[in-house]
Amino acid sequence: VQKYFPSLTNWIVERDINKRFNHEMYGLKPKHRPLEQHPFLNDDLANRILCGSVIVKPNVQEFTADGHGVIFTDGSKVDQIDCVL
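Mapping of the sequence shown onto full-length UniProt numbering: residues 1 to 85, in sequence order.
Calculated from the structure, these hints are not laboratory results. Careful, some of the hints might be misleading.
Once the Cα atoms are required to be at most 25 Å apart in a straight line, the calculated BS3-like pairs of lysine-lysine come out as [to be verified]:
id : residue 1 : residue 2
1  : Lys-19    : Lys-31
2  : Lys-77    : Lys-57
3  : Lys-29    : Lys-3
Given these sequences and hints, build the entire structure.
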């Protein structure tokens, strides 16, 4: 089906994925369609975003000199980070 109807297949997959977690609402909607890249699946990510233990931010501009902070393209800064995904 994917070979003959790629747009339809992508639409169905995207619809089903967004039933579980609305990626656009959390700023996580990719620029590509679901089947155009290798998928990354994580059942825990949505829960961590909702409870605030993972914070969605824009692109990284640079890391701070001490290596423990990040400056983002929107000008915001976060110190004492654990990791950047």
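Which hint numbers doesn't this structure obey?
none
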